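J.: Sequence:
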Amino acid sequence: MDAKWLCLPYLCAVSDVGARSNNEDGFIVEKLPSGYYLGIADGLGGHAAGEVASEIALTAAKRVVVDEYEDGIDGQLLRLLLRKAHELANSAVLEEAVGERKGMGTTLLSAVIRGREVFLANTGDSRAQLIRDGDVVASTRDHNLLRELLDKGIALTKAEAMEASRRLTHVIGGRGKRFAVDLYRWEARPGDWLLLSTDGLHDYLDAEAILDVLSRNEEPGKAVMELLREALGVTRDNVTIILYRWW
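Numbering (our numbering), first residue to last: 1071 to 1317.
In case anyone wonders, no lab produced these hints; they're calculated from the structure. On a predicted model such as this, the values are computed, not experimentally measured, just so you know. Note that beta-carbon positions come from the ideal geometry of N, C-alpha and C, so glycine has one too. Hints are not guaranteed to be accurate.
[To be verified] Listed next, with one range per pair, are the computed distances between beta-carbon atoms:
hint	residue 1	residue 2	range
1	Gly1303	Asn1092	16 to 22 Å
2	Gly1142	Leu1076	34 to 40 Å
3	Ala1225	Arg1286	29 to 35 Å
4	Glu1166	Lys1074	18 to 24 Å
5	Lys1222	Glu1278	24 to 30 Å
6	Glu1140	Asp1203	32 to 38 Å
[Said to hold, decoys possible] Calculated lysine-lysine pairs in the DSS-like style (CA-CA distance at most 25 Å, straight line):
hint	residue 1	residue 2
7	Lys1074	Lys1292
8	Lys1101	Lys1132
9	Lys1074	Lys1132
The task is simple: from the sequences and hints, build the whole structure.
T.: Structure (structure tokens):
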């Protein structure tokens, strides 16, 4: 494994290059006055541009949240703050997308955990899931062609579904891509898990496999290690995971 790790008693994050030559994924874990900001990104663009795009987006989004977050901030204002973070991340990536980096882009998934509340913003197909008692009780919506086709009730073969999942409809930056951000607010309970992942995990391990790993582990660190090991056994892609547990 060639991985970047951060583990705490209630949270563990990892980003592994997998079998690729470079890691275009990235993550951020940042302490706030009353909670945490979590971010993951999965870059695209070639010529190492994806790696640059994900780093630019994460840095720009973190700066907005850290600079403007205040203890006790109203929920609606926090949603607007996360939207602003993604908008400025999009502008920052587009500004640097010149020369060999032209067309570079990235997914961006942001979460602010405040007590048992979690506020999220999503652009692209990185995914957040709230898991309770062995079930996924909430999930962000992937911004890809697969999700749009499934919403229309169109049946696909496994190969068609995999190809459609790779065609993103919204990203941060990107050539000819539309920018969009979806906002969410979820309520957690003691024992719940919050799982943030890039497609290197959730495109290759289905919900049943992920839930099975969580059912066997109490600690985020052990669960993340097992999820990463299983994902690397079936994909060559970069894999990034942040797992948080409410006690």
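J.: It remains to establish, for every hint, whether it holds in the given structure.
T.: Do the hints match the structure? See the list:
A beta carbon spacing of about 21 Å between Gly1303 and Asn1092 agrees with the range 16 to 22 Å that was offered as a hint. Under the hint 34 to 40 Å, the C-beta atoms of Gly1142 and Leu1076, about 27 Å apart, miss the expected range. In this structure the hint that Ala1225 and Arg1286 lie 29 to 35 Å apart at CB holds, the actual value being about 34 Å. Range check, Glu1166 to Lys1074: Cβ separation about 22 Å, and the 18 to 24 Å hint holds.
The given range of 24 to 30 Å is respected by Lys1222 and Glu1278, whose C-beta atoms sit roughly 25 Å from each other. Between Glu1140 and Asp1203 the CB atoms are about 34 Å apart, so this pair conforms to the stated range of 32 to 38 Å. In summary, the hint linking Lys1074 to Lys1292 is supported, as the alpha carbons are separated by about 15 Å, within the 25 Å threshold. The straight-line distance between the Cα atoms of Lys1101 and Lys1132 is roughly 11 Å, inside the 25 Å bound, and the hint therefore holds.
Only pairs whose Cα atoms come within 25 Å are accepted, and Lys1074 paired with Lys1132 is accepted, the gap being roughly 18 Å.
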